[in-house]
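Chemist: Those protein sequence lines, which keep their order, are chains A and B. Per the UniProt record's numbering, the very first residue in the first sequence carries number 1; after that it's consecutive. Per the UniProt record's numbering, the very first residue in the second sequence carries number 1; after that it's consecutive.
Hints in this document: simulated from the structure, not taken from any laboratory. Treat the hints with care, since some could be wrong.
[Stated by the list, open to error] Coverage of chain A stretches by chain B, computed from C-beta distances (three or more under 8 Å per stretch; other residues unrestricted):
no., segment
1, 110-122
2, 689-699
[What the hints assert, rightly or not] Computed, partial: chain B to chain A, Cβ under 8 Å:
no., residue
3, PHE10
4, GLU81
5, TYR95
6, PRO109
7, LEU111
8, GLY194
No residue lacks a Cβ here, since even glycine has one placed at the ideal position from N, Cα and C.
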Amino acid sequence: MHPAERQTDYRWPLLWAGALVALVGAALLGVAISESEAWAEVAGALGLSLVGWGGLVQSFDAGALALGPNPAGAIAGPKMLVAGTLVWLAGWGLVAAGIRRAPASTEGPSPAAGSTLYPRLARYRDFYWSTLGAYGGGILLAELVMLLLQTVLSSGGPSELGGVTPREPGGGASLAPTLAFAIALVLGAGVAFASGFVGASRAQRLSLPEATIGVFYLGLPIPILLSLMERVPSLQLALGYRLREVTYVAGLLGRPELGYWLVFAALVLALVLGINTGFIAAGSGRVDLRLGFELFVARRHVAVFRPSLLLGALAVLMFGIIPPLIIYFIIRGAEAAVERTRVKSLGLADPLAAAAAQHRMKLHEQSPTMMMTALSVGGVGVGVMALIIVLSVMSGFEADLQQKILGTNAHAVVSKYAGELPEYSKVMEQVKRVPGVVGQTPFIINQVMIASEGNVDGVIIKGIDPHSVGSVTDLPQNILPGGDLGHLEQPGKILPSRAVEDDEDAKPKDEEDPIIGKASAPAKPTVLPGIIVGRELAASLRVVVGDRVNVVSPLGTELSPSGPIPKSRAFRVAGVFYSGMYEYDSKFVYILLKEAQDFFNVKGATGIELKVADIDDARRISNQVVRVLGGYPYRARDWGEMNKNLFSALRLEKLVMGIILSIIIIVAAGLIVATVIMLVLEKRKEISVLKALGVPDGGIVKIFLAEGLQIGVAGGLLGLFSGLAWCLFIEKVGIKLDPEVYYIPALPVRIEPVQTALAVVIAVLVTYLASIYPALKASSVEPVEGLKAE
Amino acid sequence: MALLSIRNVFKSYFLHGKRIDILRAVSLDIHAGELISMVGASGAGKSTFLHVLGTLDAPAAGEVLFEGRSVFSMNDAEIAEFRNRTIGFVFQSHYLLPEFTALENVAMPALIQRRERAGAYTYARELLERVGLGSRVDHRPGELSGGEAQRVALARALVLKPAVLLADEPTGNLDPTTGEGIHQLLRDVNRDLGITAVIVTHNETLARSMPRRLRLAGGQVSEA
Chain A
1 MHPAERQTDY RWPLLWAGAL VALVGAALLG VAISESEAWA EVAGALGLSL
51 VGWGGLVQSF DAGALALGPN PAGAIAGPKM LVAGTLVWLA GWGLVAAGIR
101 RAPASTEGPS PAAGSTLYPR LARYRDFYWS TLGAYGGGIL LAELVMLLLQ
151 TVLSSGGPSE LGGVTPREPG GGASLAPTLA FAIALVLGAG VAFASGFVGA
201 SRAQRLSLPE ATIGVFYLGL PIPILLSLME RVPSLQLALG YRLREVTYVA
251 GLLGRPELGY WLVFAALVLA LVLGINTGFI AAGSGRVDLR LGFELFVARR
301 HVAVFRPSLL LGALAVLMFG IIPPLIIYFI IRGAEAAVER TRVKSLGLAD
351 PLAAAAAQHR MKLHEQSPTM MMTALSVGGV GVGVMALIIV LSVMSGFEAD
401 LQQKILGTNA HAVVSKYAGE LPEYSKVMEQ VKRVPGVVGQ TPFIINQVMI
451 ASEGNVDGVI IKGIDPHSVG SVTDLPQNIL PGGDLGHLEQ PGKILPSRAV
501 EDDEDAKPKD EEDPIIGKAS APAKPTVLPG IIVGRELAAS LRVVVGDRVN
551 VVSPLGTELS PSGPIPKSRA FRVAGVFYSG MYEYDSKFVY ILLKEAQDFF
601 NVKGATGIEL KVADIDDARR ISNQVVRVLG GYPYRARDWG EMNKNLFSAL
651 RLEKLVMGII LSIIIIVAAG LIVATVIMLV LEKRKEISVL KALGVPDGGI
701 VKIFLAEGLQ IGVAGGLLGL FSGLAWCLFI EKVGIKLDPE VYYIPALPVR
751 IEPVQTALAV VIAVLVTYLA SIYPALKASS VEPVEGLKAE
Chain B
1 MALLSIRNVF KSYFLHGKRI DILRAVSLDI HAGELISMVG ASGAGKSTFL
51 HVLGTLDAPA AGEVLFEGRS VFSMNDAEIA EFRNRTIGFV FQSHYLLPEF
101 TALENVAMPA LIQRRERAGA YTYARELLER VGLGSRVDHR PGELSGGEAQ
151 RVALARALVL KPAVLLADEP TGNLDPTTGE GIHQLLRDVN RDLGITAVIV
201 THNETLARSM PRRLRLAGGQ VSEA
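Produce the entire structure from the sequences given, and follow the hints as far as they go.
Modeler: Here it is as structure tokens:
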């Protein structure tokens with residue numbers, strides 16, 4: 001670059017130093033602000049004004065409050081604040097000093113001075129306010145739409161967000177929270193996409209400055225506010241109630257902040273896609289969504305959908321890299337040998353025919369671009385395949401766990417905030433009428449000690465109703481052969497085991513009054529009530545069906561001559577259950593509800609367990625149950641709430657796995673970028689020719705986007721096929737797990753259609769995004785440049 | 001009214017930071033049906049002139065008017081469409097697209113216009129027969145000789161019956177006999193189809209045989 005051309009001189013050392021100093025200043029400021037906990041002061045009011053959009057003034061007040069006559073405690077280090085500001089300003093000063101205007105050119109005006117400027121340059125505008133409005137307003141609107149929809153759809157009534165009196169129960173749509181979230185996300189993304197489209201087609205270009213400013217200044221506040229809500233108590237108080245449906249859905253991940261930011265990222269992605277689509281469709285002056293010609297050209301440029309390439313990539317995905325390669329080389333080697341022999345024999349008769357045959361052989365050889373294409377297809381395929389397999393296995397684990405938890409536990413539990421539920425039969429009558437409830441059973445739960453001859457253990461004891469318990473849990477099916485749930489009610493039918501028989505023989509002797517020397521009870525053996533224990537507990541207590549165990553409750557006490565002693569009862573093991581969850585098999589015992597009432601002095605029951613038709617709808621149904629019961633003092637908790645930590649941990653793990661595996665797809669996207677850039681370089685001349693023939697810039701972009709997308713779609717589909725094939729293989733053939741470590745015999749697999757489709761969609765989206773840059777590069781090839789090259 | 005007119009057009013190149021003025025305040029009128037030759041030394045800016053005329057390159061200043069309308073004030077899509085419908089290019093090199101057959105190459109401008117494919121192919125086949133390549137329709141550019149490829153390129157330039165044909169040394173890479181064939185084709189096109197043609201050439205004999213002759217030197221166009 002000749003200095004005469006430049007308008008600005010940059011002194012880079014000064015610029016770098018200035019940037020560094022400004023960064024240090026910003027860091028100091030950040031430390032000072034976070035130390036002073038000014039956030040806590042400002043955030044509440046700021047948040048209110050942002051969400052309600054009502055009191056913007058309020059936020060200014062809050063700002064003035066924070067900056068004005070501050071309480072001494074609020075800004076702990078005013079020195080640091082001042083220092084930070086000074087350093088920051090000094091940094092910018094340095095940057096400013098590093099930029100100066102270059103001396104004006106000494107040449108006089110050119111001969112063209114004064115004549116009309118090239119019209120398109122004359123029309124040029126470097127900033128579009130309307131586009132900024134579309135981008136920023138769009139992302140903000142998308143966020144608000146999501147918040148509002150989530151609240152309205154899942155809890156019924158927009159009034160709750162407004163903070164007015166809650167509408168009467170049952171009003172408004174009340175969908176399952178996840179479904180509501182899906183709808184809200186789709187609509188929010190739609191809004192973001194549409195606004196991106198509108199903004200870009202208005203400006204007829206990508207308008208990155210507008211997009212950045214829009215997203216930063218209008219998009220970020222809400223996620224920041226939501227994240228702050230988790231930290232700042234005053235904000236939580238002010239907004240927590242209104243946004244509780246949003247918080248609930250985000251909380252399903254265990255870390256709500258993560259949820260907010262993921263959703264924000266999804267909305268920004270939708271905006272970016274909208275911007276690109278808008279630019280491509282309308283960038284050259286008018287909306288043109290036709291694709292026929294572009295696909296025609298793109299298919300010739302990269303012939304992805306060739307059987308040999310697809311089958312080859314599929315073979316690599318299914319059987320690994322090495323075996324198919326070996327087979328390929330063997331086949332190619334053999335083929336070439338056969339061909340050469342044929343050509344030679346042909347050449348003996350007619351040398352020219354041999355030359356033609358050789359020419360055809362050469363044509364079959366692969367170009368580097370083709371190799372790159374195959375590699376990219378394979379890369380995307382591997383990513384999608386890995387994503388599908390890992391997510392399916394993790395879903396398998398989750399489903400297995402869920403099935404075991406729900407097999408032993410109820411889908412929802414109705415109880416009172418405090419105390420017992422003596423009127424449980426009346427409550428059950430009412431609950432029965434709630435649609436979606438398919439089974440219910442009363443229960444009493446308590447913690448006790450259980451002792452056998454061999455061992456002692458602390459367990460959770462549950463009083464159950466054997467008739468209805470089967471309508472809620474899988475307990476009846478989980479009883480191992482030899483035991484019987486029905487024996488709880490007819491303990492006389494329990495066959496005492498041999499060891500117990502000896503015990504029984506000894507018993508009357510024990511109970512013989514030593515003074516009177518006469519048996520206090522007749523010889524008729526006492527019938528002990530039955531108890532059901534888990535398999536692991538039975539093993540650790542060393543008891544079998546028919547054995548006697550003692551249950552000791554530390555809560556209830558009995559008076560004895562020597563003072564109060566813990567209440568103790570003897571039970572006979574009526575059955576052993578195996579749920580498949582170690583925690584349950586080692587911690588749960590069941591007795592008859594009536595026995596439990598007597599034992600713990602409980603009137604009625606502790607609560608009622610419910611089974612619902614659709615487990616994903618359990619939250620909504622339990623809310624409805626509470627409404628039917630008239631609210632306080634009744635409450636209902638669903639299984640998700642009761643096992644929140646476990647399932648949110650699982651979901652978080654799955655999400656993180658998904659993100660990590662998506663990195664493979666991103667690497668593959670890098671391959672696509674490289675491939676399409678290579679294509680662009682290879683096709684510079686063709687691009688120029690196409691432009692000379694009248695293809696607009698938008699058309700060129702479409703052609704190269706289509707080329708990248710072909711790779712993405714082919715890779716995604718191959719990954720889908722191979723991933724599903726692997727999943728089926730794992731499911732049907734099975735991969736054994738070490739029984740010492742895992743409680744399940746083989747690797748569980750569950751193919752979730754939505755999740756699987758999402759993996760392919762992500763791959764296609766990523767490849768689309770990856771092709772944007774090379775495609776734009778392609779469209780910026782000047783026709784004159786390409787035509788001059790030769 | 002002139003079919004195509006150039007008003008006060010400036011165009012410069014920058015070489016090592018130095019401005020080289022290729023076109024200085026060039027003004028010119030081209031009328032419908034004219035057959036024009038343009039000569040000039042290498043590097044005088046003949047190609048640039050043609051590119052500006054054909055909207056492939058934007059001038060730094062000045063206007064290009066087609067039937068009185070300024071083409072560069074249109075937006076990108078409109079300019080592309082204008083180029084597609086109104087201008088046919090033939091370059092020194094054939095610049096056929098290697099992945100497509102001769103037939104597809106010829107039909108390409110029609111396909112870009114999203115005309116129906118069968119109709120485009122039928123007309124393209126007729127044109128190929130007319131330039132004497134009826135038997136080579138399914139061959140790819142790599143399988144054609146230089147002269148054949150150039151004839152395919154000419155057919156491609158004519159497929160949409162453009163108002164203006166711009167040829168940039170169309171015979172520069174060909175031997176004299178083959179070149180003469182192309183020249184004859186160009187003359188036929190001008191006479192039979194009434195297509196206005198501007199042909200840049202080094203070939204003085206050819207240039208002299210044209211009704212109107214232009215010379216580009218020192219950034220100025222003059223009638224020779």
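Chemist: List in ascending order the numbers of the hints, as given earlier, that are violated by the structure.
Modeler: 8
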